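> Whenever a hint applies, use it, and build me the whole structure from the sequences.
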Amino acid sequence: MPAPPVFGRLDKDEQLNLEPFKFSVAAYKQDDDGTQHEVTYEFTASGIRPFYVQLDIVKAAASGNGLLSSDRVISFVEQSLLNDDERARFRDLLSQPDVFVKGEVLSQISDWLAETYSDRPTKPPTAKRGGRSRAGQRSMAAANGRG
2 MPAPPVFGRL DKDEQLNLEP FKFSVAAYKQ DDDGTQHEVT YEFTASGIRP
52 FYVQLDIVKA AASGNGLLSS DRVISFVEQS LLNDDERARF RDLLSQPDVF
102 VKGEVLSQIS DWLAETYSDR PTKPPTAKRG GRSRAGQRSM AAANGRG
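Count along the sequence shown starting at 1, add 1, and that's the number in the numbering used here.
Since the hints were derived computationally from the structure, they do not count as laboratory data.
From a predicted model like this one, the values you see are computed outputs, not experimental measurements.
Hints may contain errors.
[Stated by the list, open to error] Here are the simulated lysine-lysine pairs, BS3-like style, with alpha carbons at most 30 Å apart:
| hint | residue 1 | residue 2 |
| --- | --- | --- |
| 1 | Lys103 | Lys60 |
| 2 | Lys30 | Lys103 |
| 3 | Lys23 | Lys13 |
| 4 | Lys23 | Lys103 |
| 5 | Lys23 | Lys60 |
[Claimed, not checked] Ranges between beta-carbon positions, derived for each pair:
| hint | residue 1 | residue 2 | range |
| --- | --- | --- | --- |
| 6 | Leu94 | Thr117 | 13 to 21 Å |
| 7 | Asp12 | Leu94 | 37 to 45 Å |
| 8 | Pro5 | Lys103 | 44 to 52 Å |
Backbone N, C-alpha and C fix where the C-beta goes; we use that ideal spot for every residue, glycine too.
Written as structure tokens, this is what we have:
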């Protein structure tokens, strides 16, 4: 009897790219004298995508009019962040009454995270392991000219 198939296994020349990565959010504050200035907040995302949260977003988008609730988008962004400290800092940024964050920033971050996770499943092997380096696989979006 043949062994059952194993899905999702890496090719022998591939390695997982699980390195955390950073992104920044621009926000705006107004001083007491009315002067406005930009403040940039940097966050670190986990190299491991929150697959179940991303699937929930895809499922919600496919089942309705294409609009996602802000709760789902916030959940995806928060679950993508590296740890609880990063999530708390992100929530704090969004809830500060004296800081303006553009309305579309959540969807921009969510879209960018989804694209980044899709584009980086693997990386080339190190010279020690595989000799010649092979480019990592690209996402289906990239393969179809959208990435």
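> Taking the numbered hints from earlier one at a time, note which ones the structure violates and give those numbers from smallest to largest.
none
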